[in-house]
Structures are given as structure tokens and as C-alpha cells.
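Per full-length UniProt numbering, residue 1 is the first one in the sequence shown, and the count goes up by one each step.
These are computed hints drawn from the structure, not numbers from a lab.
A couple of the hints might just be wrong.
Distance condition first, Cα-Cα at most 27 Å in a straight line; then the derived DSSO-like pairs of lysine-lysine [to be verified]:
| id | residue 1 | residue 2 |
| --- | --- | --- |
| 1 | Lys107 | Lys77 |
| 2 | Lys255 | Lys22 |
| 3 | Lys22 | Lys49 |
| 4 | Lys74 | Lys9 |
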Amino acid sequence: MLPQDESLKILKEFLLEHHYEKVQGIPIGIILQLADLVLKETAFVDGNKFYRQIIGGAMGSPFTLTLANIFMWKWEKDAICGAIGPHEIYGRYIDDIFFTFNEPKTKIEAMIKKANDFHPNIKLEANIGSCVSFLDLLINNKNGILSTSVHHKPAAEPCVVPFISDHPRHVFSNIIQAALLRAVRYSSTLDIFEKERRAIRLMLLYNGYPSTYIDIHFRKFFGNAISQSSMIPFIDNENQFLIMRNRLLPRASAKERETQHRIAAVRLNEETKDTNDKEKRTMITTIPKQNKQNKFANTLFLHYTHEKRLHSMKRQIHKIFSETFQDTLAMNLRLIVGHRNHRNIGHELIQKRPTASILKPQQLPSKTQLNKSIKEVASIDPDQILYSQKLYAASLHQDRYSSANSDISNQDS
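Build out the structure end to end from the sequences listed, making use of the hints.
The following block contains the structure:
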């Protein structure tokens, strides 16, 4: 859990260290005020009561994830990075960490123990060895050479959406494409990839996917880099596999390239150390966005809930639209008919928003009602209030006396 006040201090340190005076025109002071508002004014409802979160941030919030990364940046900078040599490999995804360390195991354990003592909210559970898993990637060290493959948990079952399930057809093809893409990206050699490809095929057959359907989508994925017969390996050349793997590896997005340019500019600015304030400012290289035409400008969207028995619904809607609006200006519109998936059990059981009656703000009393209540209070005689207080105190004393007598009689009996 993120400590709120400490996280805000680390956020300020992060912005100052990376030479951010403003972010998209917003000063650091305003950013910190907004962060304090988002972090400390998170509320949730249980029953008919509102609760305010005082530790951590809202789950699923983009800002909470960003703040957690900045919090871990501070921790890894002070506790981890200084202990790792310059020629080692280090990587982190939020709170999952991977690094290489060419030292005895006792020294690694001592370093991890020191890192665990750095902050009470961060405790590492180390997995040390020549073969470790990082997220869904399995990394193996063989004589100083690292190889990677897809990591399957021992308790994981080969289950995906069954082919007989009432889902849109693109769901099944996307499952095959995603599994093959992960296998190509994670497999460092052709042999490792072939094992994973066979495992994917067996998983699909186990879930009722026809063999011909699997072959069609395998060929669609690999394109020209496969053999014509499904009885032999799809790719039989290591170089061919590496070329395809490099083509399918993720490329940096425009935003990531812009961030890299900005970091390089900051480092260049630090090295020059010019005295001129204008030259000291961070040079930010931006990639201009192209003004793309809106391809959905003259488009009409219609959606219906997907069911397999309604597979001809799209064709029928297009036919009715053409017959109804023939020779009218409506024919200039492009009709796109889509479908929505059924609500799953999670949507049915989880209530993400309180009822409207709880969220409805209570109406404040009007000025007339306030003046009326003030007059009523002012009209009460002070002696009458004092007399009522004395009667209330006497009744309390009588109740205590009666309960004490009942206890004594019970003891005597």
C-alpha cells in the first residue's frame, strides 16, 4: 500500500530530478495539489455508509499506477541499482523485478535483506537460480547464455474459450493469433518455439477447435514464412524464424519515442551545464501529430447483442436500410452493423456504482427554514431548559439506583 504523504513527496522529487518545471503547461505546485486531491479524496460505499481511503490509492486508477511506478523508482534508485554492477541486466514491471548478479548466493541474499529493510511497505520474495520466471516469461541461464520461453504455471490448465461457445467468430481467431504472437516473441530459438507451437495446437484441439480451422489461422499468421504441408514444421530454418521474430517484436510507439528524445535532451542539458537560463531549460523534442481525416465522419453505427442464431442479422439490416432510404440523402451514409457481447457473470454480480438514492446529495435547508428554527430556539424559556436537564439527571440516577438494588437482591438470593 502506498503511504499517501510520502508518495506525494517522492512525486515532487521525481519531477524536480527530471527537470520538469511544467507538465503540459501545468506547474508542479498545481500537479501536487491535484495529486493530493485524487489520492486523499477517494471514497467508497459499504451498505449505506461512505468511507474515505486513508492508505494507498484507488485500484484501477491510472494515476495510482503511475504513482506506484514513481514510488518504486525512488526505492530502486536508493536500494537496488547502486548494488548492481554496470554490466548486469536489470528490469522492473511495477513491483516485479528481474536482474542478473554474478556473485555468490549469500551476497545476493544479503543485498535483498538490506533492500527489504529499506521501506516497511516493500518486501521482496526472491527466487534465485539459473532458471527463473519473470511474469509469464521463463529465463534460463546455460553457461552464461540466456534463453527465454513462455512460462506456464504448474497449476495452469490448457483452457481457453471453447469452440462451441456462443461467441463472435473473431474471438476464436484472436485467441490463436495472440497465443502464436506470444510464442514467437518469447521463444529465443526455433526449437523452443516449435515446442510451444505444438503445445498451442494441443490446447486448441482440447478445447474443440477443428484441425482445419487451426491450420487456416496458423497459415494466416505466418504468411509466406511457412511450409505448404501441415505435416512438417511450419518454419524449418533458424534464420527464417529470427527474421520473423524481429518483425513481430514490439516497436516503440510515438509517445515512447518522444519520451526517449526528452530524456536524451535532459542528459545533454546536464552535460553542457550552461549558465544561461534559457539554455538550461529542458529541450523537448516532440513528434508532430499528423492531421488524419476522420474515416467515420459519414458513418452510422448500429449494434445488437450477439447470438449465433442471429448470424444473418447484419445482412438483413443492410437490405432493409437500402430498401427504405433508396434515392435519398441517407444513402450517402456508410452503415456499419456491429454487435455487443453478453454480460458475463462478473458484470451481473459486481456493483461498481452505489445506488442513485445514496449518491443523491441531501438538500440543504433554505434560509426561511433556518430563520424559523432560530426563532423557535430563541422562544424557549431558559428556566424551562434548566428544569428539563434536572429531570433528565434525576431519571438517570433513579435508573442506576434500581439496577444496583436488583444486583444486591440477586446476590442475596
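Hints and how they fare:
Restraint check for Lys107 and Lys77: satisfied, since their Cα atoms lie roughly 19 Å apart, inside the 27 Å limit. For the given pair, Lys255 sits about 18 Å from Lys22 by alpha-carbon distance, which is consistent with the 27 Å threshold. Of the pairs offered as hints, the one joining Lys22 and Lys49 is violated, with about 39 Å between alpha carbons and a cut-off of 27 Å exceeded. For the hint pairing Lys74 with Lys9, the CA-to-CA distance comes to about 11 Å; that is within 27 Å, so the pair holds.
Checked against the numbered hints given earlier, this structure breaks only hint 3.
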